[in-house]
Amino acid sequence: MRAVEAPTLGDLTWNQYRSQVINAITAVEAQMHHLRKSINTEGMTYEVAGLLKIEIIDQEDFDVLSALVKAVRHVGREAIRATKEDHGGQFSLRLL
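Taking our numbering, I'd label the letters of the sequence shown as residues 1246 to 1341.
If you're looking for bench data, these hints aren't it; they were derived computationally from the structure. Among the hints, erroneous ones may be present.
[Unchecked claim] The calculated EDC-like cross-link candidates involving lysine to aspartate or glutamate, where the alpha carbons are at most 20 Å apart (straight line), are:
id	residue 1	residue 2
1	LYS1282	GLU1250
2	LYS1298	GLU1250
3	LYS1282	ASP1308
[To be verified] Label-pair distances were calculated between CB atoms; the ranges are:
id	residue 1	residue 2	range
4	ARG1322	GLN1261	30 to 38 Å
5	GLN1276	ALA1316	15 to 23 Å
6	ILE1302	ALA1327	30 to 38 Å
7	GLU1287	LEU1257	15 to 23 Å
8	LYS1298	ASN1260	14 to 22 Å
9	LEU1280	LEU1257	36 to 44 Å
10	TRP1259	HIS1279	25 to 33 Å
11	HIS1278	GLY1255	30 to 38 Å
12	ARG1326	GLN1304	30 to 38 Å
13	ARG1326	ASN1260	16 to 24 Å
14	ASP1256	ASP1308	14 to 22 Å
15	ARG1281	LEU1254	32 to 40 Å
All residues carry an ideal CB built from backbone N, CA and C; glycine is no exception.
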């Protein structure tokens, strides 16, 4: 599926799609934390696309997915923070 073909707000599968993107972001954030590295929004967009098998063919595809990544990335970061707090700084790395 191309990014421009992905569900949008109001579609019946929007919540499921958004949750998949958040889970992918969380997985990448956890991996980056484990490697003691960081990743910018552009890199995160391409990582999410790879994990979810979303095609980025042109700038419009990138812009659509990047906007969603920017909008929900804080949710993935919060999941990492909360998990670290709950487990005394330790957390398991979930691979999708």
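key: Violated hints - listed by number, lowest first   = 1, 3, 4, 7
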